[in-house]
Amino acid sequence: RQQKEENSTPEPYSCYGHAPLAHLASSPDRRRGESRGGRRPRMFRNQYDTDVTTWSPQGRLFQVEYAMEAVKQGSACVGLRSATHAVLAAANKSANELSSHQRKVFRVADHAGVALAGLTADGRVLSRFLRNECINHAFVYDAPLPVSRLALRLADKAQVCTQRSWKRPYGVGLLVAGLDESGAHLYYNCPSGNYFEYQAFAIGSRSQAAKTYLERRFEKFNAYTPDELIKDALSAIKETLQGEKLTSSNCTIAIVGRKEDGTVEPFSMIDSKRIQEIIDSMEAADEAPAADVPAESSSMQEDRGDAPAARDAPAADEPAAPDAPAPMDI
Amino acid sequence: ATPPSPAPAEPRSSSDERNQSRINPSRESMDASAAAAGGGDGTQRTLNPYVTGNSVIAMKYKDGVIMACDTGASYGSTLRYKSVERIKEVGKHSLIGGSGEFSDFQEILRYLDELTLNDHMWDDGNSLGPKEIHAYLTRVMYNRRNKFDPLWNSLVLGGVKKGPKGDEKYLGMVNMIGTHFEENHIATGFGNHMAIPILRGEWREDMTFEEAVKLIEKCLLVLLYRDRSSINKFQIAKITTEGSTIYPPYALKTNWGFAAFENPSKGAVGTW
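Protein sequences, first through last, are from chains V and B.
Under the UniProt record's numbering, the first residue of the first sequence carries the number 1, and numbering increases by one thereafter.
Under the UniProt record's numbering, the first residue of the second sequence carries the number 1, and numbering increases by one thereafter.
Accuracy of the hints is not assured; some may be wrong.
Straight-line Cα separation of at most 30 Å, BS3-like style, residue types lysine-lysine; simulated pairs [said to hold, decoys possible]:
1) V:Lys167 / V:Lys157
2) V:Lys220 / V:Lys245
3) B:Lys218 / V:Lys259
4) B:Lys162 / V:Lys220
5) V:Lys259 / B:Lys62
6) V:Lys273 / V:Lys245
7) B:Lys218 / B:Lys62
8) B:Lys165 / B:Lys92
9) V:Lys220 / B:Lys165
10) V:Lys259 / B:Lys169
11) V:Lys259 / V:Lys220
12) B:Lys162 / V:Lys259
13) B:Lys62 / B:Lys233
14) B:Lys165 / V:Lys259
None of these hints come from the bench; they were simulated from the model.
Quick caveat: nothing in here was measured; it's all calculated off a predicted structure.
Please construct the entire structure, taking both the sequences and the accompanying hints into account.
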């Protein structure tokens with residue numbers, strides 16, 4: 001049974017219809033089959049990937065890394081923030097034409113929300129946890145839970161699953177966006193229990209295209225107006241659709257922030273009619289040939305000429321270099 | 001202390017039974033009654049305060065919040081301790097004043113210390129303001145009362161914090177049973193009966209610091225004359241966006257030069 005386990009493809013991958021991760025097979029410590037009458041040379045790492053509490057000789061926890069692969073299989077999500085507002089966007093995917101879209105963006109409190117990629121069932125459960133934490137804090141302190149502290153609680157919860165033999169890591173990555181005293185924040189929490197703050201980030205399949213798009217612009221984000229943030233979020237999602245037309249039915253956008261008068265604009269999804277209007281106005285601007293003539297006050301106009309180049313950038317971001325050091329977070 | 005009531009007919013809970021077997025039989029009835037009073041499981045609950053602080057008075061003024069109290073702590077009817085600081089800073093934005101059992105006030109200060117330390121260690125640009133601390137204390141006080149083990153205090157929480165709409169002054173109070181509210185002026189203990197009427201009549205929005213001190217001293221004087229457990233040694237504290245100041249103790253001038261006091265037996269022979 002042990003031998004069969006080691007020689008066969010790990011179960012989770014078959015349901016995604018992908019070939020075994022051959023690029024990870026050639027580990028430098030590869031050993032031939034030993035006394036088990038080895039029919040085929042084993043992938044060395046398969047010995048250490050059965051449970052999360054087993055280290056590999058290279059110091060990797062393979063179960064955690066596999067969990068992060070699950071995130072990469074989910075449909076794309078994008079998050080970006082200015083000094084006062086944070087926007088989350090997700091590409092809607094449905095299993096088939098007959099079914100509704102998978103819900104990927106959740107409001108966690110008036111001042112915070114998450115977008116997730118990966119096993120959405122895990123994401124739903126974690127959203128409930130986050131909501132509970134925010135409610136408990138608000139009950140005791142009569143104030144919103146600051147986003148950094150929320151992200152930490154989520155990360156600590158994820159870490160527990162990487163250190164118990166009877167658990168498995170959560171197979172979902174969350175972009176946590178919210179508002180607190182020091183302004184708007186965006187965090188990425190990954191299944192490993194690590195989390196970082198970002199100005200902008202993208203996760204899920206084909207997210208590299210969105211990341212490339214955002215990398216070019218992020219330095220200006222702090223000064224963006226909410227509308228500019230929304231437009232850039234939509235454009236980033238568009239990058240991940242790889243030629244498919246962006247419409248209000250294949251993306252979700254949510255925004256949270258502090259308005260100019262000091263009051264909070266609570267976390268809420270933008271309704272599809274308004275999304276379609278914004279998409280239409282973006283396309284109208286796109287068709288204007290001169291890249292330096294801004295059709296509206298969006299600051300991304302001067303970059304329109306770069307957009308085709310971004311789309312031609314290598315879309316396949318998944319295969320890591322075969323001998324790359326342990327990537328414990330994305 | 002009240003005389004012990006007769007032991008209950010049967011034990012209230014299994015743990016009570018276990019305790020009963022360990023207790024010296026001659027003290028059984030007294031412990032049983034204490035156990036019954038405390039919830040039936042043999043443990044003790046706070047039944048009376050011992051070392052108690054006097055009234056605290058506080059009000060909002062133009063730049064922030066001002067708070068005052070005397071520096072005495074009584075042991076029953078004895079004015080036992082005369083240099084007790086019953087107003088303390090909490091974090092960067094608040095002051096807390098406590099009347100009632102002084103040891104419970106010290107315990108509350110320890111909880112707040114832990115709270116503000118953890119908050120400070122985050123170093124993330126967020127800090128606990130007076131509203132948050134008041135909400136936290138309300139939870140603590142109410143939960144203790146629900147366990148029949150109250151922190152025997154009336155706490156006054158005041159502070160100023162910059163909000164999105166500018167500086168926001170906050171003043172509230174919470175007591176041993178968890179009653180809590182916010183107001184422009186607060187008083188605890190006897191101050192409720194003697195100082196609040198004065199404050200209701202004379203408090204105005206946007207008083208200067210000097211006007212606020214004068215009004216507070218008026219209330220403190222009334223309490224000095226009429227509350228037998230107050231002493232003539234007061235401390236005033238204020239908190240503004242710049243920070244908090246707790247002034248050194250001082251005494252108020254009192255006037256006992258009434259004709260009737262000078263020659264008491266004049267109108268009533270034999271009196272003193």
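Against the 30 Å threshold, does the CA-CA distance of B:Lys165 and V:Lys259 hold or violate the hint? holds (11 Å)
Holds or violated: are the alpha carbons of B:Lys162 and V:Lys259 at most 30 Å from each other? holds (16 Å)
Given hint B:Lys62 paired with B:Lys218 - CA-CA distance at most 30 Å: holds (19 Å)
For a C-alpha distance cap of 30 Å, please report whether V:Lys273 and V:Lys245 respect it. It holds: about 16 Å lies between the C-alpha atoms, which stays within 30 Å.
Regarding the pair V:Lys259 and V:Lys220, is the alpha-carbon distance no greater than 30 Å? holds (19 Å)
Does B:Lys92 sit within 30 Å of B:Lys165, going by the straight-line distance between their CA atoms? Roughly 19 Å between the alpha carbons, so the hint for B:Lys165 and B:Lys92 holds.
Against the 30 Å threshold, does the CA-CA distance of V:Lys220 and V:Lys245 hold or violate the hint? holds (27 Å)
Distance restraint between B:Lys218 and V:Lys259, which requires alpha-carbon spacing of 30 Å or less: violated (45 Å)
Going straight from one Cα to the other, do V:Lys220 and B:Lys165 come out at no more than 30 Å? With Cα atoms ~27 Å apart, V:Lys220 and B:Lys165 stay inside 30 Å; holds.
Pair hint outcome, V:Lys259 versus B:Lys169 [Cα-Cα no greater than 30 Å]: holds (22 Å)
Given hint V:Lys157 paired with V:Lys167 - CA-CA distance at most 30 Å: holds (12 Å)
Mind checking the alpha carbons of B:Lys162 and V:Lys220 for me, to see if they're no more than 30 Å apart? holds (28 Å)
In the structure shown, a violation is registered for the earlier hint numbered 3 alone.
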